[in-house]
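Trainee: Here is what each chain is made of, one letter per residue.
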Amino acid sequence: MDINNIPREKFRLANDADKLTDKKFATKPIGYFRDAMRRFAKNKSSVVAAIIIAILLLFAVIVPFLSPYDVTMRDGYYKMVLPKSQLFSFLGWNGCGPQKETQGGYDYWNSVGIEYGESAVKKVNNSFVDGTGIKYYDLDVDSYERVGFVFADLHKDEYEALMAYQDENNIQVLYPIPATYKTQFVALTSSANIWYELADESATSSGETREHEPDGTPIYKANYLTHTNPERGGYTSKMRIAGDDGTHGENGDGWYVYAVKNQTGYRVRVLYKEYYRYKHGHYASFLFGTNQHGQDIFVSLASGARLSFILAFSVSIINFFIGVIYGAVAGYYGGAVDLIMERITDILSAIPFIVVATLFNMHLSKVVGPFVSLIFAFVLTGWIGIASRVRTQFYRFKNQEYILAARTLGASDKRLIFRHILPNSLGTIITGTVLIIPGVIFSESMLSYLGIINLETTGMTSVGTLLSQGQAYLSTFPHIIVFPSVFISLLEISFNLFGNGLRDAFNPSLRGVDE
Amino acid sequence: MTKYVLKRIALMLFTFLIITTICFILIKLLPLPAVKSMGRDVSLIERRREEMGYNKPIMVQYGLYWQHLLKGDLGLGEQMYVSLEVSQVMLTKLPYTVIVNFYSFLVSVPLGLLFGIYAALKKNTWKDHLISTLVIVFISVPSYVYAFLVQYLLCYKAGWFPLTVASQADAAFFSWKMFHSMLPAIISLGFGTIAGLTRFTRAELSEVLTGDYLLLARTKGLTKNQAIVRHALRNAMVPILPMILGEFVGILGGSLIIEPIFSIPGIGSLFVQSINLRDYNFFMADTVIYTLIGLTAGLVIDLSYGFIDPRIKMGAR
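Here the protein sequences come in this chain order: D and S. Here our numbering is used: the first sequence runs in plain steps of one and ends on residue 1052. Here our numbering is used: the second sequence runs in plain steps of one and ends on residue 688.
If you're looking for bench data, these hints aren't it; they were derived computationally from the structure. It is possible that some hints are incorrect.
[What the hints assert, rightly or not] If the Cβ cut is set under 8 Å, some of the chain S residues that face chain D in the computed set are:
(1) Y515
(2) I646
(3) N647
(4) G665
(5) L666
[Unchecked claim] Think about it this way: if two alpha-carbon atoms lie no more than 25 Å apart in a straight line, the pair counts; the simulated PhoX-like pairs of lysine-lysine are:
(6) K548/S - K528/S
(7) K579/D - K565/D
(8) K903/D - K407/S
(9) K637/D - K528/S
(10) K494/S - K579/D
(11) K798/D - K816/D
(12) K672/D - K637/D
(13) K659/D - K672/D
(14) K591/S - K494/S
(15) K579/D - K493/S
(16) K616/D - K637/D
(17) K581/D - K493/S
(18) K528/S - K672/D
(19) K528/S - K660/D
(20) K378/S - K684/S
(21) K616/D - K816/D
(22) K591/S - K493/S
(23) K660/D - K672/D
(24) K581/D - K494/S
(25) K637/D - K659/D
(26) K616/D - K528/S
(27) K498/S - K595/S
(28) K399/S - K903/D
(29) K399/S - K442/S
(30) K374/S - K684/S
(31) K498/S - K579/D
(32) K693/D - K798/D
(33) K775/D - K693/D
(34) K660/D - K637/D
(35) K659/D - K758/D
(36) K442/S - K427/S
(37) K672/D - K758/D
(38) K798/D - K775/D
(39) K498/S - K581/D
(40) K816/D - K775/D
Where a beta carbon is used, it is the ideal one built from N, C-alpha and C, also for glycine.
Next up, chain S with everything else stripped away, as it sits in the complex:
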């Protein structure tokens, strides 16, 4: 088991290394834009560029990049947040992303499970059909469309929520004011997750419910509720829990589209901004983070099967 886990982690790191190498080289092949001074002293950036070996061969630069990266140094902002440490800027952005996603996770996972279980138990009734239809609609409609709807109806028309997220100067991260201003984004993020989880739970649970052992449980004298909670749900959770865990890992990466719409100063907004302003240090840093999150989520999902379900032997041939 341990051996298998270690092997998977090594494979993941190998993939990670290859991807970052390719991205690094491709970014370095682009012409280097001049630093935007914005009235600030850019000599610091020039010195840093020298230190990072910007006039040396790309592979030397790559080595230097890793040396700095392992020390937590991602370079300086050159086109945005000029001459600020990229890692520092990211750390100030991370809380917004994590908090919004975490709230959305807290709301949408129970709701998704609940709707899914309900639909599976009421299979082929009008309630199930209603839920399934809504699920199709919410999975298909692009997330920015809900975001526009939420923004227009709840923020402009009803005026329930402010248009932008409260700044840290006005409200602490875990204050009611901050939560209230984040709510439109939380709602918009939630629709997709709820719909996805509902569909998955419904499919898994309704498959388990047809199992013979459930019939056996009922014949042994268990009530319907006992049979469902103790037998069906526990087995249905085997594929559902890894999915939720993957979702949880994804909390760290911001939504590229919801964050800009609601002007949440998070990682996702930063990514989009760095692409549009061509700030390669920020772009590289965000690429590293997003790749790592994606790979970790995949790994967590795969490994968690072995921990959750005793029938699955990891690495067995």
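Chain D on its own, in the form it takes in the complex:
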């Protein structure tokens, strides 16, 4: 057969349909970011880290709103109380702490709170006699109960409101004034907790002057001020402590005195935990305890964390933009422009950060406040890392053929930079931006820990400030420093793991390596 002259009718269309189209993909195409997300999700440790970061973020955002406490609240009596949690009290998270006391100390702490039926001493773990014949007790003392009673000076209307609260809720807040109130000894008049007879009036709380049962349990004999007028001191409330029936005093016609008039109003003796509830609507129970200023550590930490996050996020966003633009210009234009710009980054990056932070703080904090001046300090050198990443990426891509093609078609520099080259390096830039965050948080906590910057104002505190507050009490009250340290360690570990996961996920050369 002659293949050069095949008759027309021998030909037949292979596909008779009207239109010829490509087959539709059965699956969706996987783009760069989609692929990165998929590979990130496979990296277990990074996912866990991301979840922890999310929890810490939620903690920082939500806790200040939900907590009944506030950073500005400083309680003068609940200072350095230990962490207490209703939920985990079986783990020893119950606000009790060990205390080693002599007999006098034991007698004193044991008496605190006995008037309303609870003692500050929760448990006697051990008692022993040391070489010199002094008896010691190992006690478990409730750091909340040990505040016991305090004297409060109230105005007339406050006093009346408190009495009305007592009658309405059937809660005894006001307790009789002890007779020791009248002694000349300052130690006794200022302590509202010594409500019983001391064998010798000159004794202070540490003296071993109480009588004891044979087994060593101290005996307390009530010793309150009495008066023939039951409403002495304007006490009109129905609430009276058990046994206050007027059979006291020399002639058996004395009533306990609940208030003493002074210049401004009344001096009363209140049970502090009930008084706290009266004032704030709930009992005091601090999940992470309080520090030496009586601030709740849980809410302070959340507020410090919030500050750290705001600072770190704003710094990394600003650095992202500056770094991208600077690096793009240096990398895209190259040559002399690049040389000059590189010298500038060399000089900036050689300044020790602490010097930058200090100088910015000294110059700017009076003008724009310490927080903004700190942002400036972080921004001054923080973008350099991102800029150099972007620059390298630009050097890699700018001479490739597709750029040449786009340029031939008339694309402007701006279009080439932002539409054609930058998207290629977005992965590494994002990783770099994320990894700025832990660095900023660490540096900020370090600077405020060292006292070089002070971000503490009303209603704001920083993790570093909390750490430095805790350091003074490291040996005696380690709980003050433990929670901020754990928080910041957890945050740093999670961010680093998260950043590493992102870096691997965005690295196209690792695609399919572990499959």
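Once you've looked at the hints, dock chain S against the given chain D.
Mentor: Chain S in isolation, oriented as in the chain D frame:
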């Protein structure tokens, strides 16, 4: 080669000059605090201020500052160590910083290398995973957290170490007593360095171990140990040694956070103190030192590549 080195040194000095100039001007723009007399005669400081041109324009002061600096005169303490020579005070602080850092360097570099090599050789076994996890933890956790832990557990609870460094009156610098009292700080400083070096060594060595020439060495009949020690380790050391050298230069600068925590009277503590008390002479002197250390470390790292690796030609285009 020499030309390149000289060029790099000139560039470094240029950077140094610019940074110190900016810092000097920024410090001089701040209001000058009155001298804290603390019961001492301050007329000396007043006279020195006159001599340094404190009432002349800033650029004149800057010139005078350099004239004095080149003679080793950094001014007098005005808010702390009043009327003492800054340079003298610094010289008394330097030994503490150097000794603590040097001990820490001596301990952590071999350990870091060892862990790194071990992890690379046992790659993808549970031993490697354990080391790598610990490395991540120790790199991430801030150094002050270890310091608190060390201080609480080893100093307070166990009572093994004193809380502060022995004073020079009690113990000589290289005595056991001094070393013992510095140990908590040495340990705290070491964690970060060990972790960093382990990670770096592991990464470098495991990359080298996959090289074709290692396979060739084994086929030629070298034992595994010979191949690793003679071929892999030597090549892996090319980027590791500069890092160690940089670390070594950094011995001169104290840690700003570990030194105050363990009350080591070193350069780092002095820096923090000078910032908090606003003593500008000390602050400027410390800034100069820290900038110089940073720049020198960078330069040493860059140049050492050329000396260590014959394949790298310095300044080649």
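Trainee: Compare the structure with each hint and give your call.
Mentor: Hints versus structure:
1. The criterion of a C-beta within 8 Å of any C-beta in chain D is met by Y515/S, whose closest approach is roughly 6 Å, and the hint holds.
2. A distance limit of 8 Å between C-beta atoms decides the matter here; for I646/S the minimum to chain D is near 5 Å, and the interface restraint holds.
3. Contact between N647/S and chain D, as hinted, is supported at the beta carbon level, the nearest pair being about 5 Å apart and thus within 8 Å.
4. Given the 8 Å rule on beta carbons, the hint for G665/S holds: about 6 Å separates it from the nearest Cβ of chain D.
5. Against a cut-off of 8 Å between C-beta atoms, the interface hint on L666/S holds, since the closest Cβ of chain D lies about 5 Å away.
6. For the proposed pair K548/S and K528/S, the alpha carbon gap of about 20 Å is at most 25 Å, so the pair holds.
7. Simply put, K579/D and K565/D have alpha-carbon atoms about 19 Å apart, close enough for the 25 Å limit, and the pair holds.
8. Restraint check for K903/D and K407/S: satisfied, since their Cα atoms lie roughly 23 Å apart, inside the 25 Å limit.
9. With a C-alpha separation of about 16 Å, the suggested pair K637/D and K528/S falls inside the 25 Å cut-off, and the hint holds.
10. Between K494/S and K579/D the CA atoms are separated by roughly 20 Å; this keeps the pair inside 25 Å, and the hint holds.
11. Pair hint K798/D plus K816/D holds up; C-alpha atoms about 22 Å apart against a cutoff of 25 Å.
12. A hinted pair counts as satisfied when its Cα atoms are at most 25 Å apart, and K672/D with K637/D qualifies at roughly 10 Å.
13. Proposed proximity of K659/D and K672/D is supported: the alpha carbons are some 19 Å apart, at most 25 Å.
14. Proposed proximity of K591/S and K494/S is supported: the alpha carbons are some 24 Å apart, at most 25 Å.
15. Annotation: proposed proximity of K579/D to K493/S holds, straight-line Cα distance about 24 Å (limit 25 Å).
16. For the given pair, K616/D sits about 19 Å from K637/D by alpha-carbon distance, which is consistent with the 25 Å threshold.
17. Proposed proximity of K581/D and K493/S is supported: the alpha carbons are some 22 Å apart, at most 25 Å.
18. At roughly 24 Å between alpha-carbon atoms, K528/S and K672/D fall within 25 Å of each other, so this suggested pair holds.
19. Between K528/S and K660/D the CA atoms are separated by roughly 23 Å; this keeps the pair inside 25 Å, and the hint holds.
20. For the given pair, K378/S sits about 15 Å from K684/S by alpha-carbon distance, which is consistent with the 25 Å threshold.
21. A hinted pair counts as satisfied when its Cα atoms are at most 25 Å apart, and K616/D with K816/D qualifies at roughly 17 Å.
22. A threshold of 25 Å between alpha carbons decides the hint, and for K591/S with K493/S the separation of about 23 Å falls inside it, so the pair holds.
23. With a C-alpha separation of about 17 Å, the suggested pairing of K660/D with K672/D holds against the 25 Å cut-off.
24. The hinted pair formed by K581/D and K494/S meets the criterion: a straight-line CA distance of about 19 Å does not exceed 25 Å.
25. For the given pair, K637/D sits about 13 Å from K659/D by alpha-carbon distance, which is consistent with the 25 Å threshold.
26. Between K616/D and K528/S the alpha-carbon distance is near 23 Å, which keeps this suggested pair within the 25 Å criterion.
27. For a cut-off of 25 Å, the pair hint linking K498/S to K595/S stands: about 19 Å separates their Cα positions.
28. Our distance criterion of 25 Å between C-alpha atoms is met by K399/S and K903/D, whose separation comes to about 17 Å.
29. The hinted pair formed by K399/S and K442/S meets the criterion: a straight-line CA distance of about 21 Å does not exceed 25 Å.
30. Of the supplied pair hints, the one linking K374/S and K684/S holds, its CA atoms being roughly 12 Å apart against a limit of 25 Å.
31. For the proposed pair K498/S and K579/D, the alpha carbon gap of about 22 Å is at most 25 Å, so the pair holds.
32. The straight-line distance between the Cα atoms of K693/D and K798/D is roughly 10 Å, inside the 25 Å bound, and the hint therefore holds.
33. For the proposed pair K775/D and K693/D, the alpha carbon gap of about 18 Å is at most 25 Å, so the pair holds.
34. With a C-alpha separation of about 12 Å, the suggested pairing of K660/D with K637/D holds against the 25 Å cut-off.
35. Distance hint between K659/D and K758/D is fulfilled; the C-alpha atoms sit about 21 Å from each other, no more than 25 Å.
36. This hinted pair checks out: K442/S and K427/S have alpha carbons roughly 21 Å apart, not beyond 25 Å.
37. Pair hint K672/D plus K758/D holds up; C-alpha atoms about 23 Å apart against a cutoff of 25 Å.
38. Distance check on the hinted pair: K798/D and K775/D sit about 19 Å apart at the alpha-carbon level, within 25 Å; holds.
39. Distance check on the hinted pair: K498/S and K581/D sit about 19 Å apart at the alpha-carbon level, within 25 Å; holds.
40. Among the hinted pairs, K816/D with K775/D is consistent with the structure: their alpha-carbon atoms are about 20 Å apart, no more than 25 Å.
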